[in-house]
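Protein chains in written order, with this note's numbering: chain A, 1 to 411; chain B, 1 to 266.
Since the hints were made in silico from the structure, they are not lab data. Errors might be hidden in some of the hints.
[What the hints assert, rightly or not] Just the calculated beta-carbon pair ranges, DEER-fashion:
no., chain 1, residue 1, chain 2, residue 2, range
1, B, ARG259, A, ARG305, 51 to 61 Å
2, A, GLN200, B, ALA24, 55 to 65 Å
3, A, HIS217, B, ALA24, 36 to 46 Å
4, A, GLN200, B, PRO95, 23 to 33 Å
5, B, LEU37, A, PRO107, 24 to 34 Å
6, A, ASP335, B, ARG259, 51 to 61 Å
7, A, PRO134, B, PRO95, 23 to 33 Å
[What the hints assert, rightly or not] Partial pick of chain B residues on the chain A-facing surface, computed with a CB cut under 8 Å:
no., residue
8, LEU13
9, VAL18
10, ARG20
11, LEU22
12, ALA24
13, LEU53
14, GLY137
15, ASP260
16, LEU262
17, VAL266
The model shown is predicted, which means the values in this text are computed figures rather than measured ones. Here a beta-carbon is modelled for each residue, glycine too, at the ideal position from N, C-alpha and C.
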Amino acid sequence: MNGSILFDDVRKVYRWRGLRRGGDTVKGAFFHRRFGRGRSTLEQHVALDGVDLEVEPGETVAMIGPNGSGKSTLLKLAGGILRPTTGTVTTVGRVTALIELGAGFHPEITGRENVVINGMLLGLSRTEVERRIPQIVEFAGLGTFIDQPVKTYSSGMHVRLGFAVAVAVDPDILLIDEVLAVGDEIFVRRCLDRLAWMRQRGVTMVLVSHDLDLVSHFADRAVYLNRGRVVVDGPSDSAVARYRNDVAGEENVADDAARGVRVVEEGRRWGNGDVELVEVFCTSNGVRQKLLPSGAVCTVHLRYRVHRPVDDVVIGVAWHRVNGGLVGGHNTDVDGVSPRRLTGDGEVRCVYQVLDLAPGDYLIDAAVHARDGLAYDYFCDATRLRITAAVPWPGVWAPHHRWEGEGPEWE
Amino acid sequence: MTVLRLLWRHRALVDVLVRRELTARYRSSLLGFFWSLLNPLLLLTVYAVVFTLIFQPRFPGGDPYPLFLFSGLLPWLFFSGAAIDSSVTLVDNGPLLAKVMCPPEIFPAITVLSHLVHHVLALPVLLAALVVSAMAGWYPFPWTFVLLPVALVPWVLLAGGTSFAVSALAVHFRDLRDLLGHLLNLLFFASPIIYSLDGLELPSALQATLMLNPLAPLVTVFRDCAFTGRVSSPGIWAAAFGFSLLAWWAGTRLFDRYRDTLVEAV
């Protein structure tokens, strides 16, 4: 399995005709070459504007952003359904696009015949599809309905069959557009289970979703698009956090207009600046540290400056591996200790009695934000810490532990 | 040529989609596939009744008129049916184009091929009618019938070129769908289908105009094989092939020009 996607400075412009004027007719089309240049009855909409994106084999990347931000266009370009206006899209491997489940099923013919056609459209040969039909029917839970015309199906059956065909194709790249929003809970769970299984097998996935919890759980990486441009491309939690912040910011747009949103260091740090994180660092036993042995005492210090007093405050810390995986995160709200009000400058500390992380490099995000997600200062990668250990423990957790038991003879 | 190569590469898909078109069409009708045979048979019966018992059009070379008419009408029905269906084929298959991804060329091709299947299934009816009238001594059997596959080639090329052009244009200019029926109607009466050019008494200017109709050689070639029983002159064959190749070339070129914007427009 090695499916990869590369977008190089991709721009997609939709053009459509405005009000019909003289000459813009069938005849006009025939003679377009000669006479039609430069006529401005064309209206256009820039769906994607200079997008660079690389999806590595086996990666799961989520596209998030408001409606009309270009997510679906991006997916359709990756699927080869649309072509970029300028720039290039390169994909390696077999691509299956789940843009609308069961799209293109013909109502008059049976589920089985439709499966054959859809499977062939997705790139299988006829015999390959037929070999997979039992498996498809099983997954869709259709039973004998498979030999009935599709018009007799319930919408749930329709969707299940569509999903079953698409995943049975064994793609190298799977593109998923919000399809998990349909169907009942059991179906969604089965789909997610199936997707997780495919992901383990190394299928590259790009999904578009408005379900931000799903995105942070499921995707390694998220790309936050707005108005056809990439705003953040990074670990899914930070991209989701940034998106949540912007959504919350838009809801308070009247306030923000007065204050002016201040975004520092595009992509890594954002917020309106009411509270600013001046310094974030780690200490152990009162000494600043960039390097600590596993299991040491550790304190993360967040020094802040208040530019405008705020009543709604959550202070949080999140730990990441350098490669993007979330290790853990906690904030004052979840821990039930939220400060009531920030008026003057100060420092908040998060104390770890035993920092039993596995050896490696860790990034620490620090944030001060409101309960609805509106960031005062969200600072990704605010500081770093290297953990060392005598034993190169794998993973992220290296707790103190011992082995015991009555059966074996211990050395 | 690139279109043909593309269709050949997707031949398995084209095959199942043509089958889908045919089965979906007759699904849930009682007689099912027999309609392909029954339709032309009933049509022929109606013409036979109307034009032997009610009207009796007489002109040289036009006797017996039901057979004369039928031999001109069959390829026309193939061509016009394909042209009309191709004006909606891309829109109807929009979900496949926009959501599943497949080459748009296959849809006009499927339209033409499924109409070709209907046409080929109607030919035995014509053949049977010719055999019956030969046995009854009304009309000598035209042995040129064996040349029919060759005479069909320009019709397929013409229908193909037209379908490519119409399908792509109809996506961008939806008015074409309404206009098309009238254009075809005009073309129908301008072509020597219900009459023959030899048997027509017309002002010579109009006669000359009708001769210019590019469809005339195609009708003539087909009817000469299927009814008159003579091999058309090389000039007419050349005109039929020349015009149909031109139509194919223009149609596929036009389709190519609109290809990239089709998905957005459907």
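Chain A contact restraint for GLY137/B - C-beta distance below 8 Å: 46 Å, violated
Per-residue hint verdict: ALA24/B, partner chain A, C-beta under 8 Å: This interface hint holds because 4 Å falls under the 8 Å limit.
When the least beta-carbon distance from ASP260/B to chain A is tested against 8 Å, hint result: 5 Å, holds
Distance restraint hint 51 to 61 Å, applied to the beta-carbon atoms of ASP335/A and ARG259/B: 59 Å, holds
Interface hint outcome for ARG20/B [beta carbon to chain A under 8 Å]: 6 Å, holds
LEU22/B as an interface hint toward chain A, with CB separation required under 8 Å: Nearest chain A Cβ about 10 Å off; hint violated.
Outcome of range test on Cβ distance (GLN200/A, PRO95/B; 23 to 33 Å): Distance hint for GLN200/A, PRO95/B holds at roughly 31 Å.
PRO95/B and PRO134/A - C-beta distance against the hinted 23 to 33 Å: 26 Å, holds
Per-residue hint verdict: LEU262/B, partner chain A, C-beta under 8 Å: 10 Å, violated
Status of the hint placing VAL266/B at chain A (closest C-beta pair under 8 Å): 11 Å, violated
ARG259/B paired with ARG305/A, Cβ distance criterion 51 to 61 Å: 59 Å, holds
Chain A contact restraint for LEU53/B - C-beta distance below 8 Å: 39 Å, violated
This entry does not satisfy hints 2, 9, 11, 13, 14, 16, 17, going by the numbered hints stated previously.
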